[in-house]
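Chemist: Residue-level listing of the chains:
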Amino acid sequence: LAKTTQPISMDSYEGQEVNITCSHNNIATNDYITWYQQFPSQGPRFIIQGYKTKVTNEVASLFIPADRKSSTLSLPRVSLSDTAVYYCLVGGIDTGRRALTFGSGTRLQVQP
Amino acid sequence: NAGVTQTPKFRVLKTGQSMTLLCAQDMNHEYMYWYRQDPGMGLRLIHYSVGEGTTAKGEVPDGYNVSRLKKQNFLLGLESAAPSQTSVYFCASSSRDRKNTEAFFGQGTRLTVV
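Sequence lines, in order, name chains F and Y. Take 1 as the starting number for the first sequence in the numbering used here and just add one per residue. Take 1001 as the starting number for the second sequence in the numbering used here and just add one per residue.
Read the hints as simulated data drawn from the structure, not as lab findings. Built from N, CA and C at the ideal position, the CB exists for glycine as well. Relax, there's no trap hidden among the hints.
Reference listing, derived: stretches of chain Y covered by chain F, where coverage requires no fewer than 3 residues with Cβ under 8 Å from a Cβ of chain F:
#1 1033-1042
#2 1055-1062
#3 1089-1097
#4 1105-1111
Some chain Y residues near chain F, calculated using beta-carbon distances under 7 Å:
#5 L1045
#6 Y1048
#7 T1101
#8 E1102
Across the chosen pairs, the derived CB separations fall in these ranges:
#9 Q1017/Y / N30/F: 41 to 51 Å
#10 M1041/Y / K69/F: 18 to 28 Å
#11 Q1017/Y / K54/F: 45 to 55 Å
With the hints as constraints, model all of the structure from the sequences given.
Modeler: In structure tokens, the structure reads:
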């Protein structure tokens, strides 16, 4: 399974853009990159998924360079409610990497 | 549409007791997962299933057993509970769609072993 490395924690202020980078050096050709958000006492929630280049939805953007060995989750204009733990996962159905494994995640604290 | 439902939400066990956690999903998903999350830590995969009648070990399978007799249900059993198994347990499910690995999680079961 592809191992991921993320910063343990990040701090930001309301209204700022936050970028969280994840390293996944041994990503396989058919692996997808997926990000989840988790609030205290809740299960993780899917944010965004991508394979290459850039993906954007109503919540975030995901930037993936050509070599796909890293990815960056971008949260535009964060608010206090974005305070959570963010997890980067790498895997895919085709590769048989069906075991979704979570790393330690990045704890984002948004200040007023 | 209930999504993923875990039963029970809270439980206190004495050391050595056994119990079964039930996970039910109504999204016709092929894949189901059981995780544990200790305070301040990330989720660790216990067991998972890629279809009815099949299960596989995850990162921390010792002390747990699972069964997937029906597609919509995934059971997690503790045969002889230990204080080290005090944790919050999450169940999740996802489809077999190769382009969509989004997993849906239950609300969690908070288990305390005394």
